[in-house]
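Visitor: Sequence:
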Amino acid sequence: MKTIPEVDIYVRYCETDAGGHVSNTSYFLYYEEARTKFFEAINFSGKDRKSFNFIVARLESNFIKQSYASQILRVSTGVSNIGTKSYTLEHEIKDAHTGALIANGSSVIVCYNFQDQHSIEIPMELRKALEEYLITTR
Numbered sequence: 003m004k005t006i007p008e009v010d011i012y013v014r015y016c017e018t019d020a021g022g023h024v025s026n027t028s029y030f031l032y033y034e035e036a037r038t039k040f041f042e043a044i045n046f047s048g049k050d051r052k053s054f055n056f057i058v059a060r061l062e063s064n065f066i067k068q069s070y071a072s073q074i075l076r077v078s079t080g081v082s083n084i085g086t087k088s089y090t091l092e093h094e095i096k097d098a099h100t101g102a103l104i105a106n107g108s109s110v111i112v113c114y115n116f117q118d119q120h121s122i123e124i125p126m127e128l129r130k131a132l133e134e135y136l137i138t139t140r
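The sequence shown begins at 3 in the numbering used here and counts up by one.
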């Protein structure tokens with residue numbers, strides 16, 4: 003297994019809510035940022051990327067601790083399941099300085115043919131790349 007990709011995120015004031023902590027909606031932006039960096043790590047993103055189409059079929063989050071503006075969060079992403087047409091990415095958000103778990107979540111990604119409007123099997127090249135980041139436990 004390869005090292006799980008991580009991305010550091012600086013929490014901006016605009017990502018907080020009236021309670022002064024990070025809004026629950028902001029965590030989904032953090033997962034998206036981490037997902038983008040994950041695809042870069044496996045060479046399926048950016049200008050030299052291999053092309054594949056997908057949809058996010060499910061996205062969920064568990065909020066463990068509060069986080070605040072100016073905090074630096076570290077988001078890691080690994081693969082917990084690889085099916086025939088979909089796979090699941092697992093995300094953990096921790097305080098970059100203390101390592102305290104702030105939130106965790108998952109994204110179910112479905113490979114998709116937009117022209118024909120239906121799911122397709124995971125391309126073999128992508129499957130092999132995902133297998134490199136398969137995690138059994140966190």
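Derived from the structure by calculation, the hints contain no laboratory data. Each hint should be verified, as a subset may be incorrect.
20 Å max Cα-Cα, derived PhoX-like pairs, lysine-lysine [what the hints assert, rightly or not]: (1) LYS67 - LYS96; (2) LYS87 - LYS130; (3) LYS67 - LYS4; (4) LYS96 - LYS130; (5) LYS4 - LYS130; (6) LYS67 - LYS130.
Derived Cβ-Cβ restraints for the label pairs, each shown as a range [what the hints assert, rightly or not]: (7) HIS120 - GLN68: 35 to 43 Å; (8) ILE137 - CYS16: 18 to 26 Å; (9) THR138 - CYS16: 35 to 43 Å.
C-beta atoms are modelled at their ideal positions from N, C-alpha and C, and glycine is treated no differently.
Visitor: Each hint should be assessed against the structure and marked as holding or not.
Guide: Each hint, compared with the structure:
no.	hint	result
1	LYS67 - LYS96	9 Å, holds
2	LYS87 - LYS130	14 Å, holds
3	LYS67 - LYS4	28 Å, violated
4	LYS96 - LYS130	28 Å, violated
5	LYS4 - LYS130	12 Å, holds
6	LYS67 - LYS130	35 Å, violated
7	HIS120 - GLN68: 35 to 43 Å	41 Å, holds
8	ILE137 - CYS16: 18 to 26 Å	32 Å, violated
9	THR138 - CYS16: 35 to 43 Å	37 Å, holds
Hints 3, 4, 6, 8 from the earlier list are contradicted by this structure; the remaining hints agree with it.
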